[in-house]
Amino acid sequence: MTSPGPLLSVEGLSRHFGALGAVNRVSFTVGREERRALIGPNGAGKTTLFNLITGVLAPSSGQIVFDGAVITGLPPHAVARRGLSRSFQRNNLFANLSVLENLRLAVAARERGSYDLLGSVRRLTGTLAGAREMADAVGLVERLDTPAGRLSHGEQRQLEVGIALSTAPTLLLLDEPTAGMSPEETHRMTELLLGLPRRVTLLIIEHDMDVVFSLADRITVLHYGEVLADGTPDAVRADPRVYEVYLGTGDE
Amino acid sequence: MTWLRAAACVVVLALVALFPAVAGNYPVKLLQEILIWGIFAMSLDLLMGRAGMVSFGHSAFFGLGGYVAALALKAAPGMLASLVWPALAAALAALVIGFFAIRVSGVYFIMLTLAFSQMFYAYAFQVAWLGAEDGIIGVPRASLLGVSLASAVPFHLFLVLVFALAGFTLWRVARSPFGHVLQGIHENEGRMEAIGYAVRNYKLLAFVIAGMVAGVAGACYTQLNGSISPDAFFWTTSGEALLMVIIGGTGTLAGAVLGAAAFILLQSLVSTYTERWMLILGVTFILFVLFAPGGLVGALRGRVGLRA
Amino acid sequence: MPFLADLAVQALNGLAYGALLFLLSVGLTLIFGMLDVVNLAHGSLYMLGAYAGLAVIGVTGSFWLALLVAPFAVGLVGVGIERTCLRPLYRRPVLDQVLLTFGFVYLFEDLIKWIFGGKIRSIPPPALFSSSVTIGGFTYPSYRLFVIAFGLIMAVALWLLIERTRLGSIIRAGVYDAEMTAGLGINIHRVFTGVFAFGAALAGLSGVIAGPIQSAYPAMGVSILIPALIVVVVGGLGSLKGSLAGSLIIGQAETFGKAWLPEAAMLMIYVVMALVVLLRPHGLFGRPLK
Chain R
1 MTSPGPLLSV EGLSRHFGAL GAVNRVSFTV GREERRALIG PNGAGKTTLF
51 NLITGVLAPS SGQIVFDGAV ITGLPPHAVA RRGLSRSFQR NNLFANLSVL
101 ENLRLAVAAR ERGSYDLLGS VRRLTGTLAG AREMADAVGL VERLDTPAGR
151 LSHGEQRQLE VGIALSTAPT LLLLDEPTAG MSPEETHRMT ELLLGLPRRV
201 TLLIIEHDMD VVFSLADRIT VLHYGEVLAD GTPDAVRADP RVYEVYLGTG
251 DE
Chain U
1 MTWLRAAACV VVLALVALFP AVAGNYPVKL LQEILIWGIF AMSLDLLMGR
51 AGMVSFGHSA FFGLGGYVAA LALKAAPGML ASLVWPALAA ALAALVIGFF
101 AIRVSGVYFI MLTLAFSQMF YAYAFQVAWL GAEDGIIGVP RASLLGVSLA
151 SAVPFHLFLV LVFALAGFTL WRVARSPFGH VLQGIHENEG RMEAIGYAVR
201 NYKLLAFVIA GMVAGVAGAC YTQLNGSISP DAFFWTTSGE ALLMVIIGGT
251 GTLAGAVLGA AAFILLQSLV STYTERWMLI LGVTFILFVL FAPGGLVGAL
301 RGRVGLRA
Chain Z
1 MPFLADLAVQ ALNGLAYGAL LFLLSVGLTL IFGMLDVVNL AHGSLYMLGA
51 YAGLAVIGVT GSFWLALLVA PFAVGLVGVG IERTCLRPLY RRPVLDQVLL
101 TFGFVYLFED LIKWIFGGKI RSIPPPALFS SSVTIGGFTY PSYRLFVIAF
151 GLIMAVALWL LIERTRLGSI IRAGVYDAEM TAGLGINIHR VFTGVFAFGA
201 ALAGLSGVIA GPIQSAYPAM GVSILIPALI VVVVGGLGSL KGSLAGSLII
251 GQAETFGKAW LPEAAMLMIY VVMALVVLLR PHGLFGRPLK
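Residue numbers (my numbering), protein chains in the order written: chain R, 1 to 252; chain U, 1 to 308; chain Z, 1 to 290.
Hints in this document: simulated from the structure, not taken from any laboratory.
Please note: incorrect hints may appear among the correct ones.
What the hints assert, rightly or not - Beta-carbon label-pair distances, calculated as ranges:
#1 Z:LEU261 x U:PHE99: 21 to 31 Å
#2 R:GLU11 x U:GLY106: 35 to 45 Å
#3 U:PHE99 x R:PHE213: 44 to 54 Å
#4 U:GLY106 x R:GLU184: 34 to 44 Å
#5 Z:ASN187 x R:LEU20: 25 to 35 Å
#6 Z:SER131 x U:PHE99: 52 to 62 Å
#7 R:GLY21 x Z:GLU179: 18 to 28 Å
#8 Z:LYS241 x R:GLY21: 29 to 39 Å
To be verified - Quick look at which bits of chain Z chain U covers, simulated, 3 or more residues with Cβ under 8 Å:
#9 108-121
#10 274-280
The C-beta atom is built at its ideal place from N, Cα and C for all residues, glycine as well.
Build the full structure now, drawing on both the sequences and the hints.
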């Protein structure tokens, strides 16, 4: 049985760049099996927050607790190994490698076999099958042999999410998964995310409000590096501060 | 690898092994130098081509293997001295140097690896017990299974065997799950970290393997010439290996050997017609970097042009 | 007081060597700061300068003319290299450019061997400084004193250029952030070419000055590159102040090291280089990495 309590707990997290407080004493929790959206205007510190949680950036203060263990200060690969995976705002793929290989590397990351010096990748049927399954899940089965760099933008975003998913995470951080997508592609991505098993907890940064409201159980609003509001979609929608600062600007 | 390619390799190896039967001493020596530098270049290619780590200090391991072989063979000429001690020494050095070097990347990695190999050079050049400027001479050859390698044919076959083993091993490593991880690291190190790979460990292991094989090359070099000098450590030796890898084509083991062959042949054959082999080499290298970044192998596959 | 005299001689030698390293490393550090390229051919440019000096002296007999002409010639070579070979590579990974410069090491060394032969050629110091002077209790070649003075003058001149002129501020901006500088409407390509040529010219100048001390031989470029790299690393990539500090330190360290602890000297210097790269990659005065 996994430990009780929230899956992710961010406590008083801050990150300064000189005098600039990119993230300022942010605290919130994400419950198990929750679908959480993180919204806010550009520059609100959302991606920085992701960088802090995943260990890419060290916080100036505060701590992060994941699945009952403190993970502040751990390097990114250690965080990932604990079941916290992340997709990137800008496509961060293995451009010259095939779609299959992109996914296979992620699937293989969970295993120990990657130090195998003399074996053959073809014999790793388990990993390959896992990669093919993942390709199917993100709708890239037709493109297995295509180098990632040659995919269309929408397909690349699908692969981007696919890689993060392939590590079989408990918590998946998605940074603007539908960025730059057409309405049709956005719809496909939303379906994909809705179709994910509940045991994969989601924390999504999104600008597309339709996606947010169709997916999210709870919404956290970030503004100038601080938590402005945190609650159910209805509560957030009704919150006048949020409206004024963000939804009221009329964009997205 | 297709059966055709495997067969081609066997045929080439057989031809190489039989070469002394049809050629004189000088061509055979050239071929042997190609084999040895081929091993050295292939080991660097694992580092550069697969892992994307451009090292200007690979001569450290080549030289170390050479010196350890020299000292060991003078003390007790056997198989251990000939191959095992040099390989282990090089691997150990690579572990220590690599531990520090992988903490930096790009230009700083170049400069750090260069600094380390120059340390070896400075030490070997100065100290009497390593022969100072002149190095170690009069190194005897070992005996393998009762056959003395001092005779030409057994030594040639020994070299071909070591070359084949080194090439085969590096080939397997490059294709292995580990090799694929290296490739992923080369492509996008950040993402590899993000999906859970302890990138540093993989880089270090690659560095150690490459260093070990380079040490074997150095040991063979000592046994070919019966001597070793501090020049083996100098930064331009590392540079020459880089030249070979690039001219041949980074990321392909065959390319590394081709590059070694091109270099050695340029050096020896061209110099019978003109003394200007270095000039031609330099120009060739510049042209390759500019127009054929895929090297000879890339050119053979049609990848030529200014855009990389 | 033979010990003190010996000390003074070594210290002066260290300063003279430091002056050569300074002129050489300024170009190397500016080129790296602005273009991110470690110009492995920089030592070869130094060598070209020495031979250009030799040629000019051979034809005209005048060291002073050589001092003027040789750097100019090497600067032109720099323009050639940058425009024809480096510029097409700017969109490629920086390592490709570094490797390209390595090709020039071979090219230049053999070119010089072709034209001048492989033997060491001595270069006479100018008549004005061809004798020794007596200082305190020892005699010292006046040419080396000239080198030290020249180095000092050049340091001041370069400082004025970089810190006090518009051109210098463009260079400083380019070293700090080339993209931004281009964004300010400055023709950054011309600045790149200019900086590379300028660095090459300084390397050539260093070579001419070095001639009477070191003589000229084709492999001199390959040997001096390493100390120059160490100076740049220790001083800080992209910093003029760093080049000065670095050359003073390395100049003295290498000179005294070779005189008193030959076995350990060079080894220690490489250890220092390694430590700097590991612990403080931006050296003494360089900018923390982008």
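- Message: Are any of the numbered hints broken by this structure? If so, which, sorted upward?
- Response: The structure breaks none of the hints.
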